[in-house]
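Participant: Produce the entire structure from the sequences given, and follow the hints as far as they go.
Here the sequence shown is numbered in our numbering, starting from 1 and rising by one per residue.
For the record, the hints were derived by calculation from the structure and aren't laboratory data.
All residues carry an ideal CB built from backbone N, CA and C; glycine is no exception.
Wrong hints could be hidden among the right ones.
Straight-line Cα separation of at most 35 Å, DSBU-like style, residue types lysine-lysine; simulated pairs [to be verified]:
1) Lys186 to Lys319
2) Lys351 to Lys319
3) Lys249 to Lys89
4) Lys186 to Lys249
5) Lys5 to Lys59
6) Lys59 to Lys89
7) Lys186 to Lys5
8) Lys127 to Lys249
9) Lys5 to Lys127
10) Lys89 to Lys127
11) Lys5 to Lys249
Across the chosen pairs, the derived CB separations fall in these ranges [claimed, not checked]:
12) Gly373 to Gly107: 34 to 40 Å
13) Ala181 to Gly246: 24 to 30 Å
14) Ser242 to Pro180: 18 to 24 Å
15) Val335 to Ser71: 19 to 25 Å
16) Glu190 to His93: 23 to 29 Å
17) Asn18 to His192: 32 to 38 Å
18) Ser317 to Phe26: 51 to 57 Å
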Amino acid sequence: MSKDKRVVVKIGSQLLANSDRLTPRFAFMQRLLDDVARLRDDGYDVILCSSGAVALGLKVVGSRPEDAGISDKQAAAACGMPVLLNAYKQIGHEFDLEIAQVLLTLGDFEDHRRFLNTRNTVNRLLKSHIVPIVNENDSITTEEIRVGDNDRLAAKIAQMVNAQHFIILTGVDGLYDRDPAEPGAKLVEEVHDVNQYLEAASGKSTLGTGGMLTKLQAANMAQNAGCTAYIANGEADHPLSSVLDGTRKCTVCVSHSEPNSLWETWLADRLQMAGSLVLTREAAARLGEDVPIHRRDVVSMDGEFTRGDVLHIYDQSGKELARGLSDFTSEETRVMTNNQDLPADQLLGYKTHAELIRPENLVVLEDRHMTWGAPQAVMSSARTSGGD
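Facilitator: Below you can see the structure in the form of structure tokens.
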């Protein structure tokens, strides 16, 4: 199936679960799967990234969203996932849709080999005309190792399968230029640079784990991969097709005309920071000139990472410049950067050029990327060292 016939849909918890009774909203799910069937008949591949498992399971474990802790949510996810999948499966049968469950964790996105394995699985399901229903495996993840929101998880899926359309269904019509409750708030119908609207993106729903900010982050990730993102109200008769054919208002985040490659998007669009480096002024100025980052280029570092993790690269003012694949562990990197007067071979016990990040494994960030603030510890260390 070609890229222009592939759609990834993220559905928020408030659409799938009744906020008072914490039960499935069958009427919405029927409208949704009816529209999925329509798109399938038109030749589209559709992937659903569905929230709702935790919300539906809270009733079983006897908790409420406003006071549930981590262990409550983990238990609720284990109870709610069968409820959610059973609802999808029963309704899907009405429209001759076969579904499959794909549960993922942060490592399935951040580790490149697991990323490709997941991609192969999803593509194989689509080849058999099965609708994948993707969710984070909330029953086993903790705050430290979880994606945290299904908006960005869904955006990674859109990148992974080379989709052209990424639809985020939520409880509002899209992005507003200010709080929608304020008088005079206007719907933003087209977005090219999501960074212009970050101040307007605050707050989140009671049932969900993300707000408008995570939706803009997800839209930015899709844009970088050449995928158009739509933020739309899910309460419509045809929640998907009416977005794609432009018959109802929503926010359209236009894809970039020169997208990154799959390798570049995997490097650049991270879900969690493994570690970071602060570079000297000279090294920062050389980024993008097809030269590696050496240990002598590093002023300070932060984080515990392994070989193959992606590091965030900063200048000494705290501006993020690039992201790249580390050739060393944090322990090896720390030993080499703290003892630059000694040969790296002697420090590590094997022959090496001490190239921390090779140029082919480095992506220089552009204005279109949403940057991350530097960890306070690494900037404090950079100021103390006074590196040049």
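Participant: Each hint should be assessed against the structure and marked as holding or not.
Facilitator: Hints and how they fare:
{"no.": "1", "hint": "Lys186 to Lys319", "verdict": "32 Å, holds"}
{"no.": "2", "hint": "Lys351 to Lys319", "verdict": "33 Å, holds"}
{"no.": "3", "hint": "Lys249 to Lys89", "verdict": "30 Å, holds"}
{"no.": "4", "hint": "Lys186 to Lys249", "verdict": "12 Å, holds"}
{"no.": "5", "hint": "Lys5 to Lys59", "verdict": "38 Å, violated"}
{"no.": "6", "hint": "Lys59 to Lys89", "verdict": "21 Å, holds"}
{"no.": "7", "hint": "Lys186 to Lys5", "verdict": "31 Å, holds"}
{"no.": "8", "hint": "Lys127 to Lys249", "verdict": "32 Å, holds"}
{"no.": "9", "hint": "Lys5 to Lys127", "verdict": "13 Å, holds"}
{"no.": "10", "hint": "Lys89 to Lys127", "verdict": "19 Å, holds"}
{"no.": "11", "hint": "Lys5 to Lys249", "verdict": "22 Å, holds"}
{"no.": "12", "hint": "Gly373 to Gly107: 34 to 40 Å", "verdict": "24 Å, violated"}
{"no.": "13", "hint": "Ala181 to Gly246: 24 to 30 Å", "verdict": "27 Å, holds"}
{"no.": "14", "hint": "Ser242 to Pro180: 18 to 24 Å", "verdict": "20 Å, holds"}
{"no.": "15", "hint": "Val335 to Ser71: 19 to 25 Å", "verdict": "38 Å, violated"}
{"no.": "16", "hint": "Glu190 to His93: 23 to 29 Å", "verdict": "38 Å, violated"}
{"no.": "17", "hint": "Asn18 to His192: 32 to 38 Å", "verdict": "37 Å, holds"}
{"no.": "18", "hint": "Ser317 to Phe26: 51 to 57 Å", "verdict": "54 Å, holds"}
Of the hints listed earlier, those the structure fails to meet are numbers 5, 12, 15 and 16, in rising order.
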